[in-house]
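If you follow the hints, you should be able to join the two separate chains into one complex; please do so.
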Amino acid sequence: DAMVIQNPRYQVTQFGKPVTLSCSQTLNHNVMYWYQQKSSQAPKLLFHYYDKDFNNEADTPDNFQSRRPNTSFCFLDIRSPGLGDAAMYLCAASLAGGPLETQYFGPGTRLLVL
Amino acid sequence: QKEVEQNSGPLSVPEGAIASLNCTYSDRGSQSFFWYRQYSGKSPELIMFIYSNGDKEDGRFTAQLNKASQYVSLLIRDSQPSDSATYLCAVKTSYDKVIFGPGTSLSVIP
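These protein sequences, in sequence, are chains A and B. Position one of the first sequence corresponds to residue 1 (the numbering used here), numbered consecutively onward. Position one of the second sequence corresponds to residue 1001 (the numbering used here), numbered consecutively onward.
Chain B on its own, in the form it takes in the complex (with noise of 0.2 Å):
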């Protein structure tokens, strides 16, 4: 099992949508979660960080979190096409480790 698991994509939505990304992870103990924005031949810049379960919302950006079930998602309301970009999902470890995810591909269609 991968640490870190992201569903690949590509995921197409209409501009205006809500746009979901979800993301999986193996250790229990992971202490931190960030999710990254990086367009294509550009450096990851992070988006928001989360440690608590529940959600935590930031504009048009809310990231959820679910230590029972390993599960953090990142949702994008009012989709626009610049949020067209790869996300990547990082976790901190319980051995203070950040692995990322594979990212999944996000395309917002006019």
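Isolated chain A (complex conformation) (with noise of 0.2 Å):
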């Protein structure tokens, strides 16, 4: 089944250490969106791409950075994480084009920062 895949699931990591997560479709969808959900708020878009340009939200930390190397795949980088960033980190892929742009999202990676 063509899906959004999202590695690892939990990722612990210190504080100020850096961390990647991950993210894999095989929807052969042109748009990937990567979004900060913190418990019981609503996912908050911190960037994505369209195909290979890419959109930054105005209010994403400079601590965070993104590359998709290939259609498929998209990282996310945190460089020094703090206490804050403890969030479910949600990927997300859509066919861009027409009103129903439906994103389909991966199951997310937990990152805890100690």
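Worth flagging that the hints you see were computed from the coordinates, not collected in a lab. Where hints are given, some of them may not hold.
Cross-link-like lysine-lysine pairs, in silico, BS3-like; alpha carbons within 27 Å at most [to be verified]:
#1 B:K1042 - B:K1067
#2 B:K1002 - B:K1056
#3 B:K1097 - B:K1042
#4 A:K38 - B:K1056
#5 B:K1002 - A:K38
#6 B:K1042 - A:K38
#7 B:K1056 - B:K1097
#8 A:K17 - B:K1042
#9 B:K1056 - B:K1042
#10 B:K1056 - B:K1067
#11 A:K52 - B:K1097
#12 B:K1002 - B:K1067
#13 A:K17 - A:K44
#14 B:K1042 - B:K1002
#15 B:K1097 - B:K1002
#16 A:K44 - B:K1097
#17 B:K1056 - A:K17
#18 A:K38 - A:K17
#19 A:K44 - B:K1067
#20 A:K38 - B:K1067
See the structure below:
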């Protein structure tokens, strides 16, 4: 089945220690997204790729970076995680064009910062 | 004014009843509207999308859209305990951005 896959499902890191979260999709969708979701809050868009074009949200901290080496893969790098970065990180993919641009989410990676 | 608003809940309904979830949005030119279900600790799962005024039914779920009132709702008929989750409304705006609401927590009481 076509899907969005995220690894790892749980990630524990130390304060200030860089961490990378990965996402892959077999949907062949051209848009990929990274969201941060904290408890009882809506998903917050960090950035998205439209094909290779990178779009950063204005309020995304510089501490967060992203790479998309090809259509299928996308990475989220947190350069110096702080305690406030502990959250669920959601990757999503969509096929751009038209009003029915549905986002399909991966299972998420829950990040714990010690 | 927040771009997408929902009642935070929790909304409690007895098993078998109709659950009604509401969402309002600020961008009058918004194009399409999505309802996602999110179980605790899991990722959002698409339930329905709607882009034309009126009702759209899929099994026990009905989405209703009123663009003049900038209002979209989700009705769940014959609610089951397994429907207990947070329901996220998402709106694709006129500037091609999808905005999520804060979600409504639904609890179906057996």
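Results of checking the hints against the structure:
1. Distance hint between K1042 of chain B and K1067 of chain B is unfulfilled; the C-alpha atoms sit about 31 Å from each other, more than 27 Å.
2. In summary, the hint linking K1002 of chain B to K1056 of chain B is supported, as the alpha carbons are separated by about 26 Å, within the 27 Å threshold.
3. The straight-line distance between the Cα atoms of K1097 of chain B and K1042 of chain B is roughly 23 Å, inside the 27 Å bound, and the hint therefore holds.
4. Of the supplied pair hints, the one linking K38 of chain A and K1056 of chain B is violated, its CA atoms being roughly 31 Å apart against a limit of 27 Å.
5. At roughly 18 Å between alpha-carbon atoms, K1002 of chain B and K38 of chain A fall within 27 Å of each other, so this suggested pair holds.
6. Between K1042 of chain B and K38 of chain A the CA atoms are separated by roughly 12 Å; this keeps the pair inside 27 Å, and the hint holds.
7. Taken as a hint, the K1056 of chain B and K1097 of chain B pair is honoured in the structure, with Cα atoms around 23 Å apart against an allowance of 27 Å.
8. Taking the CA atoms of K17 of chain A and K1042 of chain B, the gap is near 26 Å; set against the 27 Å cutoff, the hint holds.
9. Only pairs whose Cα atoms come within 27 Å are accepted, and K1056 of chain B paired with K1042 of chain B is accepted, the gap being roughly 26 Å.
10. Annotation: proposed proximity of K1056 of chain B to K1067 of chain B holds, straight-line Cα distance about 14 Å (limit 27 Å).
11. A hinted pair counts as satisfied when its Cα atoms are at most 27 Å apart, and K52 of chain A with K1097 of chain B qualifies at roughly 17 Å.
12. Taken as a hint, the K1002 of chain B and K1067 of chain B pair is honoured in the structure, with Cα atoms around 17 Å apart against an allowance of 27 Å.
13. At most 27 Å may separate the alpha-carbon atoms for a hinted pair to count; K17 of chain A and K44 of chain A meet this at roughly 23 Å.
14. In summary, the hint linking K1042 of chain B to K1002 of chain B is supported, as the alpha carbons are separated by about 25 Å, within the 27 Å threshold.
15. As the CA atoms of K1097 of chain B and K1002 of chain B are separated by approximately 14 Å, the hinted pair is consistent with the 27 Å bound.
16. With a C-alpha separation of about 12 Å, the suggested pairing of K44 of chain A with K1097 of chain B holds against the 27 Å cut-off.
17. The suggested pairing of K1056 of chain B with K17 of chain A is violated, with an alpha-carbon distance near 48 Å, which exceeds 27 Å.
18. Proximity of K38 of chain A to K17 of chain A is assessed by CA-CA distance (about 20 Å); at most 27 Å being required, the pair is judged to hold.
19. Of the supplied pair hints, the one linking K44 of chain A and K1067 of chain B holds, its CA atoms being roughly 25 Å apart against a limit of 27 Å.
20. The hinted pair formed by K38 of chain A and K1067 of chain B fails the criterion: a straight-line CA distance of about 30 Å is larger than 27 Å.
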